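**Q** Below are the chains, spelled out letter by letter.
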Amino acid sequence: MSSMRRPTYFILASLLDGPLHGYGIIKRTLELTEGDLALTAGTLYGALGRLVDEGLIAAGKSEHVAGRERRYYEITEVGREAVRQESIELSAAARVVQQRLAGSVVLP
Amino acid sequence: VTSRLERRYRRLVRFYPAEWRQRYGEELVGTLLDASEGRRRRPSPREAAALIAGAARQRIRQTGISAPAAVVRDGLHIGATLIVAANASISIFAAYAGSGTRVAGMPSEWRKAELLWVLAFVALMQGSRILAPALVAVVAGICATSLLLEVSHVPFTTSNGWSVLLVATIVGRLLVPAVIVVWLAARGEHPARSPLWLLAVAPAASVLTQGFDAPLSIGVTTVALTVPLLIAALLCAPVDPRPAIGAAVLVAASSLILVAVASEDQGQGLPIPFTWTGTAIVAALLTSLAVAGPVAAVRAFRR
Chain R
27 MSSMRRPTYF
37 ILASLLDGPL
47 HGYGIIKRTL
57 ELTEGDLALT
67 AGTLYGALGR
77 LVDEGLIAAG
87 KSEHVAGRER
97 RYYEITEVGR
107 EAVRQESIEL
117 SAAARVVQQR
127 LAGSVVLP
Chain P
137 VTSRLERRYR
147 RLVRFYPAEW
157 RQRYGEELVG
167 TLLDASEGRR
177 RRPSPREAAA
187 LIAGAARQRI
197 RQTGISAPAA
207 VVRDGLHIGA
217 TLIVAANASI
227 SIFAAYAGSG
237 TRVAGMPSEW
247 RKAELLWVLA
257 FVALMQGSRI
267 LAPALVAVVA
277 GICATSLLLE
287 VSHVPFTTSN
297 GWSVLLVATI
307 VGRLLVPAVI
317 VVWLAARGEH
327 PARSPLWLLA
337 VAPAASVLTQ
347 GFDAPLSIGV
357 TTVALTVPLL
367 IAALLCAPVD
377 PRPAIGAAVL
387 VAASSLILVA
397 VASEDQGQGL
407 PIPFTWTGTA
417 IVAALLTSLA
427 VAGPVAAVRA
437 FRR
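Line by line, the protein sequences give chains R and P.
Under our numbering, the first residue of the first sequence is numbered 27, with each subsequent residue one higher.
Under our numbering, the first residue of the second sequence is numbered 137, with each subsequent residue one higher.
Among the hints, erroneous ones may be present.
[Said to hold, decoys possible] One-sided excerpt, in silico: chain P residues whose CB lies under 10 angstroms from chain R:
#, residue
1, R140
2, R143
3, Y145
4, Q158
5, Y160
6, G166
7, L168
8, A171
9, R182
10, A185
11, A186
12, L187
13, G190
14, T199
[As the list claims (entries may be wrong)] Capping the alpha-carbon separation at 20 angstroms, the derived lysine to any residue pairs in SDA-like fashion look like this:
#, chain 1, residue 1, chain 2, residue 2
15, R, K53, R, A118
16, R, K87, R, G44
17, R, K53, P, S172
18, R, K53, R, R31
19, R, K87, P, S180
20, R, K87, P, E183
21, R, K53, P, W156
22, R, K53, P, E183
23, R, K87, R, R54
24, R, K87, P, R175
25, R, K53, R, A120
26, R, K53, P, Q158
27, R, K87, P, R182
28, R, K87, R, L63
29, R, K53, P, V165
30, R, K87, P, V165
31, R, K87, P, S172
32, R, K53, R, L63
33, R, K87, P, Q158
34, R, K53, R, E89
35, R, K53, R, S117
36, R, K53, R, A64
37, R, K87, R, D43
38, R, K53, P, R157
39, R, K53, R, Y98
Keep in mind that the hints were calculated from the coordinates and are not lab data.
All figures in this text were calculated on a predicted structure; none of them were measured in a lab.
Yeah, the Cβ is synthetic: ideal placement off N, Cα and C, and Gly gets one too.
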């Protein structure tokens, strides 16, 4: 079954389209989950630090916008493989249920 | 110009370890301000809670603990340290404040061991690799021997000199901390403890006075002191599982004594903490702590 937390999964998924800064990741995960996953900055940065340490993402260039620091993060090959593997496991788990629901008889 | 909101965010970010703040602090504050989109005057409770929880997680990570089993072992060490602290406090009480007071389960030799208990506690707090396990093992051995030699001091003693309470006292107060400390030291794990743990000594001592001939007021104080702290340890488990695991060790040691007293009660009408009802409540609390700690430890290391 799933070995990755939902926020981690969607943080990695949000970076598949290209590097993003912290607030960019928050907005992108919100879009990807159709408003279902509103990451807090505290949760996001806990995950980012861990993912950088594990080599799943890398910290890239940083810039200053309106006096605020913004650093861009990009997914690594290891991260790409981890999220791909996770998506396969989730699909397999979903298929098990969907096949049974499709074939089941609804009791009155 | 620093806004009031930014100052409030910066205050919350200060909970994180300094090294982490240097790397991510400014960026985190920037993201918090971006996410507020100028609509907020103060951090939302959800964001504030996430920052505090995130800071606590970073502090666990910085201890070098890198696996759930290591978190559990650190929690066991906290539990053993608290039992040693409790034994030190109780033996000081028996030696100085409690002259003339009969303290059940504590023979006279144990009262003379207060200095050794204090030294063992100090060595544990400092993370001494050799001295801490040696002192804990020696003082536990002395106290266990004196208990066995003076079984008449233990209430509910049966005609052959043995009682469940005697065994519970030796196992809960002496064997459990000694085995944990010696086992961890043999693995090369002898962490130093923060002075903040001194705040937990009084509640720990009050938990382990269960089974003594203490007046009811002490029982009430025990409940008032310890129940909120145990519940806090349980609630904080998702952030830092170690206090919950440490509390589980402490409550387990205390439960052994409660079960022993309850099983030998023989309808004497003891106060609630010593009855089967009290024992069941403590057992429920112990189970919650014992489950919540390791489960939270595993979750803390999930990706």
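**Q** Next, verify each hint and record whether it holds.
**A** These are the hints, each one checked on the structure:
no., hint, in the structure
1, R140, "16 angstroms, violated"
2, R143, "14 angstroms, violated"
3, Y145, "9 angstroms, holds"
4, Q158, "12 angstroms, violated"
5, Y160, "6 angstroms, holds"
6, G166, "3 angstroms, holds"
7, L168, "5 angstroms, holds"
8, A171, "6 angstroms, holds"
9, R182, "6 angstroms, holds"
10, A185, "8 angstroms, holds"
11, A186, "3 angstroms, holds"
12, L187, "4 angstroms, holds"
13, G190, "4 angstroms, holds"
14, T199, "15 angstroms, violated"
15, R:K53 <-> R:A118, "28 angstroms, violated"
16, R:K87 <-> R:G44, "13 angstroms, holds"
17, R:K53 <-> P:S172, "12 angstroms, holds"
18, R:K53 <-> R:R31, "18 angstroms, holds"
19, R:K87 <-> P:S180, "30 angstroms, violated"
20, R:K87 <-> P:E183, "26 angstroms, violated"
21, R:K53 <-> P:W156, "24 angstroms, violated"
22, R:K53 <-> P:E183, "16 angstroms, holds"
23, R:K87 <-> R:R54, "19 angstroms, holds"
24, R:K87 <-> P:R175, "28 angstroms, violated"
25, R:K53 <-> R:A120, "26 angstroms, violated"
26, R:K53 <-> P:Q158, "25 angstroms, violated"
27, R:K87 <-> P:R182, "30 angstroms, violated"
28, R:K87 <-> R:L63, "26 angstroms, violated"
29, R:K53 <-> P:V165, "16 angstroms, holds"
30, R:K87 <-> P:V165, "18 angstroms, holds"
31, R:K87 <-> P:S172, "23 angstroms, violated"
32, R:K53 <-> R:L63, "10 angstroms, holds"
33, R:K87 <-> P:Q158, "17 angstroms, holds"
34, R:K53 <-> R:E89, "19 angstroms, holds"
35, R:K53 <-> R:S117, "25 angstroms, violated"
36, R:K53 <-> R:A64, "8 angstroms, holds"
37, R:K87 <-> R:D43, "17 angstroms, holds"
38, R:K53 <-> P:R157, "23 angstroms, violated"
39, R:K53 <-> R:Y98, "14 angstroms, holds"
Going down the numbered hints, you'll see the structure goes against 1, 2, 4, 14, 15, 19, 20, 21, 24, 25, 26, 27, 28, 31, 35 and 38, while the others check out.
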